[in-house]
Amino acid sequence: MKNTFFQSTICLWLAALLSCAWACAEPLSAEPEKAPRDRMIDEILEAAHDQYVQTGGKLRRAHNAGDIYVCKNFTVYCFKQAAPHYRMAEYPDVALVIPDNLPAKECKPYAYGLKWKEVSAEKGNPFIEAAAFRYDNNLSKAENRELAREFLKQAQRGDFFQMRANYYWGIGAHSMIFTEDYDPATDSVTWCDSNMRGQSKNGIRYGVVQWNAVKEIDWFVDAFCRKQHGATIYRLRDDIIPKP
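Heads up, the final residue of the sequence shown is numbered 240 in the numbering used here, and it's a clean run with no missing numbers.
Simulated from the structure, these hints should not be mistaken for laboratory data. Wrong hints could be hidden among the right ones.
In silico BS3-like cross-links for lysine-lysine, where the CA-CA straight-line distance does not exceed 27 Å [as the list claims (entries may be wrong)]: (1) 223 - 104; (2) 197 - 54; (3) 197 - 113; (4) 101 - 239; (5) 119 - 211; (6) 137 - 30; (7) 101 - 54; (8) 76 - 54; (9) 149 - 137; (10) 101 - 30; (11) 239 - 76; (12) 149 - 30; (13) 113 - 149; (14) 54 - 211; (15) 149 - 197; (16) 239 - 30; (17) 30 - 113; (18) 54 - 149; (19) 137 - 119; (20) 239 - 223; (21) 211 - 223; (22) 137 - 76; (23) 137 - 54; (24) 113 - 76; (25) 101 - 113; (26) 104 - 137.
It should be emphasised that the depicted structure is a prediction, and the values quoted were computed from it without experimental measurement.
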């Protein structure tokens, strides 16, 4: 009888001690909520990934100005899936827009396709020019290549990339979005796009949507580090907020 009473007392004491310990313990820290800018980038990239899944690596028409699988149109489409949900804190009443490419005559002495039109934040442009490379004829080719490499190392997830290039699949302007930060371990960048890869059938251009494509940065440097060529990295401003 005494043993039973003693055991019951010990059990009650242990239960009370454990209860106190649980009460005093700090709660597990919840994962911090993402900043609006990061959520906007997520939505942009989700739109790109959805198109990648829907198209399944198959060719899609990328010929006319209205075809969303033209490279620039694809990046604009992805942006527009997220843009209505966000604003800039500095201009909360202004809808977000993404600039068109700068017209060819305004790109001179460089070739068309290496940059966008200059649209102010006041008019809805939420991007800043984070970095730019323009081939400098006053420098050697080796010096230009080094500048081009350092430029591309600045790529971050969610950055939009605009270049005038001569690469394996084509010659001309190309638009894409980086899906990861530059990786110094592999000296590479990762991106999504449409119509970098593709082919023409009966005079009509068709492109393929790519997701998490990876190349060492020298592959890109070979493409845009040429006379009259260059590239620009555009980055969302830090003051992105949810639409009021």
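Structure-based check of each hint:
no.: 1; hint: 223 - 104; result: holds (12 Å)
no.: 2; hint: 197 - 54; result: holds (14 Å)
no.: 3; hint: 197 - 113; result: violated (32 Å)
no.: 4; hint: 101 - 239; result: violated (36 Å)
no.: 5; hint: 119 - 211; result: violated (35 Å)
no.: 6; hint: 137 - 30; result: violated (42 Å)
no.: 7; hint: 101 - 54; result: violated (35 Å)
no.: 8; hint: 76 - 54; result: holds (23 Å)
no.: 9; hint: 149 - 137; result: holds (18 Å)
no.: 10; hint: 101 - 30; result: violated (41 Å)
no.: 11; hint: 239 - 76; result: holds (14 Å)
no.: 12; hint: 149 - 30; result: holds (25 Å)
no.: 13; hint: 113 - 149; result: holds (24 Å)
no.: 14; hint: 54 - 211; result: holds (21 Å)
no.: 15; hint: 149 - 197; result: violated (37 Å)
no.: 16; hint: 239 - 30; result: holds (16 Å)
no.: 17; hint: 30 - 113; result: violated (30 Å)
no.: 18; hint: 54 - 149; result: violated (31 Å)
no.: 19; hint: 137 - 119; result: violated (39 Å)
no.: 20; hint: 239 - 223; result: violated (43 Å)
no.: 21; hint: 211 - 223; result: holds (22 Å)
no.: 22; hint: 137 - 76; result: violated (38 Å)
no.: 23; hint: 137 - 54; result: violated (38 Å)
no.: 24; hint: 113 - 76; result: holds (17 Å)
no.: 25; hint: 101 - 113; result: holds (12 Å)
no.: 26; hint: 104 - 137; result: holds (20 Å)
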